[in-house]
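S.K.: Assembling the complex is the task here: the two chains are given apart, and the hints tell you how they should meet.
Residue numbers (this note's numbering), protein chains in the order written: chain A, 1 to 258; chain B, 259 to 864.
Hints were generated in silico from the structure; no laboratory data involved. None of the values given here were measured: they were computed from a predicted structure.
Each pair of labels, with its calculated beta carbon distance range:
#, chain 1, residue 1, chain 2, residue 2, range
1, B, E270, A, E116, 15 to 23 angstroms
2, B, Y496, A, K60, 18 to 26 angstroms
3, B, K413, A, V94, 29 to 37 angstroms
4, B, T499, A, V94, 20 to 28 angstroms
5, A, T109, B, D281, 21 to 29 angstroms
6, B, R652, A, V94, 52 to 60 angstroms
7, A, D192, B, H269, 30 to 38 angstroms
8, A, S112, B, G267, 21 to 29 angstroms
9, B, S382, A, K60, 49 to 57 angstroms
Using N, Cα and C, we set each Cβ at its ideal position, and we do this for glycine too.
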Amino acid sequence: MRKAATVLFGATMFSLGYVLSHPDEDTLIIEKNANLLPDFVQPMNAKKVDDFNFKSDIAKDVCEELKKRYIMNDEGIYHNFLVSFAMGQRMNKVTDRRFLFMTETLNITKSSDGYEIDIFCADGFCKVKTQRIIDTTSLGVIDYNLSIGYEKSICCMVSKESEKYSLPDNAKVIDGLWNELILKYAVDKNADITSAKKTAFDTVNHITGCKLLSVSAYFAYDFKATENHRINDGHYFIPSASYSNILSALDGGASWNF
Amino acid sequence: MEFLKKVEGRHERISLPTDFKFDKNYDIAVVGMGTAGAIAVITAAKSKLRVVGIDRLNGLGGIGTLGGVFDYYFGNTGGEYEQYNTQCLDMTNKLPIADPNDILPDYSMPGMVKDRIMTDEAASLGADLMFDTVVCGVYMENDKVCGIECIQDSKLTSIGAKAVIDSSGNSIIADYASLPVTGARDWDNLFIRFSKPVLIYHEGKLRGMWHMCGNIDEWDADSVSKRIIYAYTLHPLYYETYKDHKDLYPFECTILGTRQSHRIVAEDSITFDDFKNGRTYDKPLFYAFSTVDTATSDIAFDNPNNTDWRFLCGMQGKGFSQPVEVGALIPKGIKGMLVAGKGAGTDCDVSGLLRMKRDLEKCGEAVATIAIEAVRQNIDVTQVSYESIEAKLRSTGCLDEANNFGLCKTVKRTPDGFIKLELLTEKEAIYDGLAGNSSLAMWSAVVLKNDEKYNWLHEWLNDGNEKVVNNSAVVLGVLGDKAAMPVLRHIVCQPDEYSRLMIHKAICLEGRFCDEEVTLPLLYIIRSFGENLKRPTDDVAEYTKFGLKPVDSVRFAAVALYNICKDTGSEVLKQELSDWCSGKQSEDEEIAYTQQSVLEHLKTLN
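For reference, chain B alone in the conformation it holds in the complex (with noise of 0.2 angstroms):
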């Protein structure tokens, strides 16, 4: 056997001697009592199997209780944790509780209750809990994980287990094994942004409030610490004076407001292109639900898809259904060992798959049902079938098709679930959206199964309808279609007929295509930090619809600038956007961010 830790940033394995044996033995690990690791370790003590369920915190729920983000109680209904929220509602409507706003069933949940709800349960149900405890090491034995080591107290505690259940929201056993992880944006691979949240008792209502306070790794003690400091700085904990204040502020978060983390390589992450292509699934364990997280506050350096489905498409504040089989919750390669909630395998473009409460909650459940029938069975967690645990998951509504409605409009539910979005599929209904810019209709032409589309949209390029010409563009330049260059090339290059939000998809796509042609109006904008782009008529509720800001022209320049000189070879234009980075900072954060980020790509191009 060995133990595997880090060290000063490092991986180190330290093989144990034959005779070496656990501090304490349980049947299954639950690390991290967060949203998906609370309903885990109750799942788990539900079956009176030996469980132990560890935390940094003192209490259940994480991020969704201690961490005051009472809100956003979305995603998928059915599972064990059904039955805590009635209880929070209950309790919380009888007693002299203050209450969050919209209290559920669709938005808001009484942290404080639900933590003391579950701890109860975990505790009355005989899951030994280990708070104020952070997880350390990992043993292995071959690929096997088969325990951890904790520090409580300043004192270390190896803990073997049959299964263990990563649900520390940033894979942190998969570090601690040296397995190979997936992270953050590709550009600059920053995480997206975390908020530090304090509880706000406003006109009689409890909720919690934050700001985004910058990116961080989660696994960088120094910058972590650095933003902490930072985040003071900002709304809601900052105000110049509290004279003539009304509201108070009971509470400040004990964990951070962590969107987004490292996320495990399963043995079949799922993936954005998954939802795009259509790839259906046999044997789902549950339905979640995907926005694709708009928390990012510079699109232009997003992922594609992201960008592709946010931005080009329009399609913000929509999100769809996504099945989630066992093989996203198993790290690669490996035994012993399950992921639930945001360290699961997704993609960065889908990783808002598992981050809504309830599903994170299902993942915990589907989980713990998982490592049970393993257990009791006496085999690996990779071995469990699937027959074997999904009546389990049926008889909870955990696992439901009910909840695989796939687009919707909105985050937010009705009293009778989503509303369900249908792809457009008619030439006319396609044509008719893209004349009404119709977000649904671009991103139906963009996934449409059907090869005529590529006539459609080619043919559309000649219209009489502007809109119709400009948003065929935008769809055929999503889909690498070159076609689309003399209409978005046009775009650029005579910015005064068109509203700013076209032109930032123009040049966006025009990056993607490394189009030489759009290199001095691109230079023009990034020397004048987008100033010529201002002008009287901007649309802007059109243009902040979409978070942009006029900052994000630079942004989307500099990187089609940065894309066209690694695609030609240009020793000019390099060394003109070399000079541009490199030369007058802007007194703009995000603009000098820009500045320096691109800066750092040109140092890779030979």
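One chain only, chain A, in its complex shape (with noise of 0.2 angstroms):
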């Protein structure tokens, strides 16, 4: 059985916020994915960070560095997938922070002294004792039966490849920091993956003077408000997602204490 003072679903810019600013604290990010920042950046969902007021010392040192690697501009719009990229280097010089990656979350059950999650993982069916969870993720590693309002898209990436280019007129257009474009566009909330990606590489009929790089393999989620749900003692649930961008969502959990 695996132990730790404060379980965090979801390697989200928020849990990377929360164990950064957190460094004695005994933490666990289990991730359902091989990838971090499934939050934003694994599903293309690269919002402009528009408010560089940031409350905390890590979302504002983050912020610096990503300008002086160029991984960002001053006008707050980043090349998406450089943000995990820089994000990971971080975590690597942080060597005490733990992570289990691929990984399935099946029960939570509250016990006397905090937590019992049942996950499975490499190692197999497996269980982990914490005191305290924050649950990132965008619906939730399981069901909290709660109400939330929020979009779901699918998002693609194309190059510019003339001055003159024509894109689907069903896309929200996210601009890049060089030469490329998010394309999102929304699905029904019960949209399988399938169908979706099925409809992000359909851009490939509609577009001129572009070419296209890549479909997401996540969704995107947008919400109307930030969400922040206290599901039982010590026990939140707050979709990194729901924050306005990356570096707000680094600042929540960076800022957050139980």
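M.R.: This is how it looks when you write it as structure tokens:
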């Protein structure tokens, strides 16, 4: 059985902010996939950073690093996946921060001294004992039976290949840092990933002067407001993606205290 | 019936009530829809049987598509997969899609397009595709696999199947079923290094890029997780600054680039010795192409066969074909299950045989064809006759004797196929080859089935041509003939007279011979951390061609000393070697690892 004082679900910006700002706390980040940042970066939900007034030193420091390394410009536009790389490098420097990637969460049970979490990872079925939980995933690792307003989308990336280009009418266009554009298609809440990826892929039938570079493997979620729900004593559901952008989510995590 | 699973790394089995019923039932279940599994699920679905495909990711093609490894489209031609490649090529050429370098037929495949085409095909053929789903256990009735357990959206689902295809790439079903598996190299039980690819759009071309990120065991959650974070610190994920950067990074791949993982112990596993000894096969399903994987960075710790081929004989970069029979795809003593892809039954040194994409796809087709026949005839997969599937595999081109080319010059195909190499058999040709440092001559001499060859090689140990002498000694060393020892010993004891490449070879072989006479020079090498071998006359090009670095002299010497220590039982040497291992730790990570791993081995000596 693994033990941690605090378990964070989702290797999101919020989670990274939390663990970076709590260096003395025994934390464990549990992530379903093999990558960091399933909240903004992996779904290509690249919302520009429009407010640089951060509460935490960590958010200020990361912001400064992204600008210094030319990953983000002064307008808050960044090259999407480079943020994930930069955060991975930062996490590697913090040697005692624990992650469990490629891990499914099956159940969360309240116990007398905290929580027992049933997970499935490369070691098989395992238990994690913890005092506190923050679930930062977009929809929650288990169903909390909450009514939350959000929109679901799928994104793809195209490169501008000439001065004159045209894009599909039904896509929201997000400017990239360099020569890339991210196209975002709203999909039904019940849409499955296969049909959603097809929607994004079909961009190729409606563009000129651009080339399709990639289709996201993750859904993007846009929330009406920053969500923060107390599920139980010491158990919170705070979707990182409900923050307005990567750095506000990082700042939110870095500033959070139970 | 029993349910078998892993709990906290340990195997558990649970007896099920007699009235147990699966949540869903299929004829064929394909676990893992990567390069092999994608074609397996499509081939199976074409039969109109009830087919389910399960994958952790949300697309088809695994490392070759969502994993960004578009390049390396090597392997043999022919099979169901070719039509999807053709469709990919057409779509990529017609539509505004960023295309990879050197697009088909012989190098790259646009992964995003292939995922789309294969997913559409599998779905339209009626296969149920369960994405974002992991398999967490296996159902068995005595010695027969009869179902699997999955997790999707945090919920468990049991799936019954008449035939289960494990195309997970790491023998996950065999693991849950507590079956014996084989895996990494012998010295330190490490698999070949993995990578964490990303897509890069560079000068109008889209390609995957990666860096070797170290060794992982895919069955160890903590080590995998640590390595994923570490991987972010390496090129191409790391640049100090992106000022004036021209490349775009359009995708962070959702699957790790694992080259080698756990493999089943099969009814008839394929071994490197099969190839070396020229074993013949009666019932091939297809012919695979193999390189002996060159992705290890510390050849001194690799298995002897690997070292013989790549380094001692210099065959790195050359390849060979090998027939794959059904025995390599069925776990020993188990019914109801087949394995496709990297988890199939091969030994460590020939695991590259089922790593090239075309061959993995052929493997998926072959395995699905067997499963279909088993279901149709209502027999077990182990009972399917070769005659009942041979014609089908020939009709698609999956099985084609033209692919059985034997040795070839390089891993890249020409438009006419691989460039074949003929083994040398004549004395004069082998002599000339040894005089010219020909790797083909070295390998030919090793595998030549001719007792006379020992006479030739012994004779050449006294030849006037130094290269012939040295290379003959290396070949005899590979063959385990102690007649080579005086020459090899001289090279180790008088290193200034030889190239570094030859010194490394001599140390490696002298270590195998456990020659006490070289103990002192070897101790000198490790204590100076190889510095004593540095000199301006090094032939750098020859040396680095084999991926060798100065640190390798220390590795080879340390392993050789350990072998001598083990063979002689010398307490003095054990102490000296232990002192070096546990003394001043090198700042060089690779030497520090050598110290640590040799020390662990020394601890096992009585």
